[in-house]
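Engineer: Taking the hints into account, I'd like the entire structure generated from these sequences.
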Amino acid sequence: MKFLGVVLALTGLQVVRTAAQTVLREHIWSTVIYSRYGDRTPYILPTSNTLTPLGATQMYSAGTRFRERYLVSAPGNGNTVIQGISPFQLDNDQVSVVSLNDQFIVASAQAFMQGLYPPLMASSNATFINGQSQLANGSNILSPLDGYQYPQISAVSPLDLNSIWLMGANNCPMYSASRSDYFNSAFYDNLLETNQDFYRSLQPALLNGIFANSSVNYLNAYLIFDYLNYGSVHNSSFLDDLSFEDLTRAKILADNWVLATYGNTSVSGLTEGDRIRAIAGRTLANKIVSALYGNINTAGTLHKMTLLFGGFEPMVSFAALASLASEQNPQFLGIPEYGSSMVFELFSLTENDTDIYPATADLNVRFFFQNSTDDTSNLVAYPLFGNGPSGISMTLSEFVADMQKIMISSVGDWCQTCASVSIFCPAFQADAGDGRSGPTRPRSRGGLRPVVAGVIGAVVTLAVVGLLITAAAVFGGARLYRQRSKKRSELNGFKGGEKLASDQDLTIPKSGASASIAVAGEGPTRGHERVGSWELGDQKKAEEAQQPGLNSSATVMRRPSFEDDLHVSPFADPVKPNDRV
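Counting from 1, position 498 in the sequence shown corresponds to residue 498 in the UniProt record's numbering; the numbering is continuous, with no gaps.
Because the hints were derived from the structure by calculation, they are not lab data. No residue lacks a Cβ here, since even glycine has one placed at the ideal position from N, Cα and C. One or more of the hints may lead you astray.
[To be verified] The calculated label-pair distances, taken between Cβ atoms and stated as ranges, are:
#1 Thr248 - Pro173: 31 to 37 angstroms
#2 Gln152 - Ala361: 29 to 35 angstroms
#3 Tyr293 - Gln152: 19 to 25 angstroms
#4 Leu135 - Asn352: 38 to 44 angstroms
Structural biologist: Pasting the structure below:
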């Protein structure tokens with residue numbers, strides 16, 4: 001009995017020791033990163049907005065930091081490399097990049113990718129090159145700029161339905177109406193009045209010639225700060241007239257303006273509780289979830305990184321919807337800095353180091369935010385949806401359930417919520433009821449959609465009209481022709497009497513070697529007007545090609561006209577032969 005007790009004690013000790021030796025290993029499978037563009041020229045200037053060299057540097061720095069975390073883990077980051085991702089050679093099947101089509105946003109995406117996947121010579125000394133680089137003669141060749149890598153960037157315009165996921169407030173009439181309500185509120189009027197003197201004090205030295213006198217007020221709080229901030233960074237003389245206190249106050253007022261117009265989740269539009277002013281965050285939430293499931297549905301093969309580039313508006317809206325904006329987190333109560341990023345990581349914890357993709361129930365999600373690209377900024381984890389510090393990591397099912405409460409479910413959902421007249425919305429009107437909270441127009445049972453019925457009606461109408469015209473031509477001798485205004489002439493240009501005022505004549509030299517165009521009046525060259533061609537760079541060949549058809553001795557043959565048989569009736573007697581000796 002005593003021996004049995006010793007055995008049991010030793011067995012228990014072994015179990016404890018085994019349990020103590022069990023170590024959970026973390027595996028990151030996918031990440032979704034939404035980044036604000038880098039420093040750009042101010043909106044108020046009449047020229048097109050462009051990314052500045054500083055902005056490109058900011059985005060390059062952001063890409064480099066994420067490279068050190070997800071591709072080639074830097075010291076101190078731990079095991080944060082995404083499972084199976086290509087560390088040196090860019091694989092566009094693994095990395096998805098989507099951007100709005102503004103120049104400064106697309107350029108921000110390009111600069112970010114330069115930092116994430118730098119030229120191969122710089123990142124790997126050209127050691128890791130796929131088979132495409134090897135030539136038949138056994139030599140290797142790099143792409144220009146020491147192996148520069150070319151990412152596939154999807155730049156979506158406002159006419160593209162995919163643009164709503166990155167900027168859901170654009171082309172949204174209900175959002176615009178709700179924002180107008182704010183500008184007509186007593187709260188806005190109070191801010192307008194109490195800050196009028198402050199804005200007037202900035203006008204003489206800083207805003208004259210840029211803003212009209214009537215527009216220097218709180219109504220344009222963001223545009224004014226945008227201009228002042230740019231000047232404080234790029235214009236040394238600007239700082240002589242702009243104090244740090246004034247710039248800070250302009251920033252605070254711009255933050256208030258942005259939060260009121262993009263971060264108010266208590267205001268409704270067409271449907272109670274649709275949180276119309278945060279519509280930009282609601283559409284972004286859908287994109288985040290769909291990107292994560294793009295990785296899940298392919299067992300980690302695709303969408304290892306989804307990189308989204310846009311403005312600050314979706315970030316402000318999402319922060320409000322996810323309960324991030326609070327006094328405890330002041331960084332979410334204002335405009336994110338240039339190059340700031342929101343990050344969503346999909347990861348799992350397993351007892352051993354394995355490359356096998358886990359079950360959906362074993363997947364977790366956590367959120368990070370990095371405000372700016374300065375050396376002092378870090379990627380910081382925050383709990384979502386009001387969870388405490390211990391709830392930074394959420395199971396995938398919990399995360400999706402909370403996201404579904406705030407996100408727009410489909411393009412049709414967005415079209416109805418916004419009452420949008422965007423070009424793509426009519427195609428989704430009949431299906432807008434899927435997953436929606438508002439009423440939808442029922443479809444008649446067994447009937448046709450209005451668009452289809454309209455097309456069928458148009459085709460039938462054209463067919464009937466065509467039959468009537470054909471019958472009139474065959475049985476009634478009806479013909480359509482144009483009344484001649486001039487007698488045909490073989491000497492009045494190549495069209496003779498049929499020449500229009502817009503037709504140009506060809507002047508043919510006696511030698512027949514070349515032809516010139518006689519122009520009625522010279523005018524300025526229009527935009528995109530063709531003034532030359534590399535195909536016709538060899539003038540001699542161009543002349544030889546034209547000689548056969550522009551020979552002065554050749555008789556110009558006019559194609560027989562349909563009008564020549566006007567007096568021929570299909571019902572007249574046929575031509576009779578006249579045989580005479």
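Engineer: Take the hints in turn and mark each one as holding or not.
Structural biologist: Quick rundown of the hints versus the structure:
1. Thr248 - Pro173: 31 to 37 angstroms: The hinted range 31 to 37 angstroms holds for Thr248 and Pro173, with Cβ atoms some 35 angstroms apart.
2. Gln152 - Ala361: 29 to 35 angstroms: Given about 33 angstroms between the Cβ atoms, the range holds.
3. Tyr293 - Gln152: 19 to 25 angstroms: 21 angstroms, holds
4. Leu135 - Asn352: 38 to 44 angstroms: Roughly 43 angstroms apart at Cβ, these two residues keep to the hinted range, so it holds.
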